[in-house]
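Let the hints inform the model, and build the full structure from the sequences given.
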Amino acid sequence: MKTYILKRLLLMIPTLLGVTMVTYFIVRLAPGDPIEAMIRNQSGNIDPRAMKESADKIRERLGLIEYHFLRDPLFGTEKSWAQKPAGAWFWCADAADKVASAAVGYVNWGRRLAVGDFGESIKFRSSEGSRNPLLLLKERIPVTGTLNIIAEVLIFVIAMPVGFAAARYQGRWFDRASSFVLLALYSIPVILAGTVLIGYLGKGGSGWHLFPVANLHSFGYEKFGWGGYIADLLWHTALPVICLVYGGFAYLAKMGRASLLENLRADYVRTARAKGLPEEQVIYRHALRNSLLPMITMMVLAIPSLIGGSVIVETIFSIQGTGLLLVDAAKCYDLALLMAETLLYGVMTLLFLLIGDILYAWADPRVRYE
Amino acid sequence: MSSVQPTTDPLLAARSRSYGAIVWRQLSRRTTAMVSLAVIFVLALVAVLAPFIAGEVPILWIEKGEISFPIFHYLTNLEYAGMLAFVLALLLPVTARLVRPGAERAADSPLARAVLIHAAICAAVLLALVVLRTEERRYGFYLERAAQAETAWFPLVPTPRYPGYDSLPLRDNPPSWQHPLGTDRMGQDVLLLILYGARTAMTIGFVAVGIGSGIGVVLGSVSGYFGGWIDLLMMRITEIFMFIPRIVLIIIILAVKPSGLSDLWSVVVVLGLTGWTDPYRYMRAELLRIRGEDYITAARALGIPTWRLLLRHAVPNGMAPILVGATFGIAGAVFLEASLAFLNLVQTPSWGELLNDGRQHLGTWWAWGAAGAAIFITVLVYNLLGEAVRDAIDPKLKI
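Protein sequences, first through last, are from chains A and B. Going by the working numbering, the letters in the first sequence line up with residues 158 to 527, in that order. Going by the working numbering, the letters in the second sequence line up with residues 323 to 721, in that order.
No lab work stands behind these hints, which were simulated from the structure alone. Any given hint could turn out to be false.
Below, computed lysine to any residue pairings styled on SDA-like, alpha-carbon distance capped at 20 Å [as the list claims (entries may be wrong)]: (1) Lys164/A - Asn678/B; (2) Lys280/A - Leu667/B; (3) Lys164/A - Ile559/B; (4) Lys360/A - Asn678/B.
Given below as structure tokens:
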């Protein structure tokens, strides 16, 4: 088992290299103009002529003034966009130049990463004023983590009984009704739920001002004590957690149903029934326990997709988590921060996949990895 | 001289039904599947006919005895192609029946032939339109001049598509006979916005998922059939794309795309190019199973070239999970597109944009409510259909 885990950990390295390389090259080589992207990010979508004018103005200015955005070492040796000659003839040379400089930039990034240097964010500062992406992420991870842990627990606690009950009464009204209701819940767009919840239940909306809609803690939460702290946290996270949770039921409940059904058809259940055990005991003592185990693995494997889903929820509720940071970083072309985020998401996904596989082997002695 | 008589045994004849026909029979027994298909049909119809349902350009216009049909000038080439594609999609069974004798002689699938023929017709017409017809949208202020015409047939809901800034009385009107779903804060008719949003959603759903599934099928079948180092390499590449958060790719590309490129088509391309990993995995798994089957060995022994073997025998038999995955994929793409518009990352007429307006203007519940309901119904319908197709094909399919 130890060798297996070690092997998996080592295999993660080339995958992560690939993930970061693809992201880096896409950011660097994506069609379009980073200067235009910058303008669009600052003043929204303006009409093409005004866009061209202000972009030209910036380019002209950049020829004179030094600008940290273009001088960032992560961008490699590329000549600044300001001096790029226009015209179709230069396209080929230009493209080759771009690829070469992107390659240099990527190697630079890797070399700096090897000594623990993540570069500097162009736009964002941590609360201590540092531009280090690592420190920025360190501030944001607990926020996203808290949200997702609460959501995971709730999904598990609600979806499992529903799924198992649906399997227990397979084909009856509860089974059919629950499957339809769960699918309908799954189909409610998060953006609709978020709008309605903020608008009618959130403070500052136009309904009952029940829940706060920004931050995870009240002012001065340090003095609340243990119970007060939890209550305060739950009060603040209630709306975003609802948004994260309701769509997750359907999938997990379906898995729970399938898992229990599979066990109910197994030979050992038939044996238990043949022994004359009461039905309750057959289900709760024998089948249910066995079908709970794979569910734990499913939960672990679902974490990465849940974190991906929290990007939208964090943006709607303006929660300062990693997801919102990711959207902001992508919008203003913050390469160092984007790379750190990509690495974080990649490592998280791969780690949870590994943990899921290990748990699977631990829960089911028939599974062996060699 | 003796010739082999074709079997006339009714039992045998009844049994030789195509795979598609069996699945269709299973599907048509399910109420949810049929209802879902009907709703999808209506959505597609409404999306295709949007300018005829709500808008400002009349279908028929008679002024001073002069008869004109302004809407046919107003429609773009792509809109014509879309209408043709819709009609041709409905006619697929007819064409399939027409080409059946030829297809059966060549041991080919009639439906596949019909699809190819129709795609060719559609592409040819679009090409001809682009070459021969100059597009120019003629607005002509027909609504304002309605009194001058002897006869004017407007769309069902006559309403300006882009009301000017002097349209204060039109703003934030609740539903009325004139505007069945009310108007939004810019004075635009909500029904019109919903219709054009349906166009966006349908285009994104079908085209983006089509591109993604296409790439996935090609790569997956090659990878699964040949195995070896090709498979190993492709698996690694797919893994890389699986672990890059899709939303990151989409946001980056949308953030730096040239402002001249249309938002709709860049979203379609981005969603298509990032959505191939799931179809790839399904197809690869299917082909790993199929390549060991007897009929593949038999076909190979007959000396059929590999491309033909893949195209005609292996890939069609592995399409089931792709079909199910694509149905769920459309639901996901509609979701994602609405979210992108909601986050203001794209500027297309979209349901997500209406919902985003609702964030600031909660009072206009008719606008964001209609958009939310439209997304919900579309996504629900595709999810229901996906479940039904999966149950019809194979309930044990793990998608």
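Against the structure, the hints:
no. : hint                : result
1   : Lys164/A - Asn678/B : 47 Å, violated
2   : Lys280/A - Leu667/B : 19 Å, holds
3   : Lys164/A - Ile559/B : 19 Å, holds
4   : Lys360/A - Asn678/B : 18 Å, holds
In the structure shown, a violation is registered for the earlier hint numbered 1 alone.
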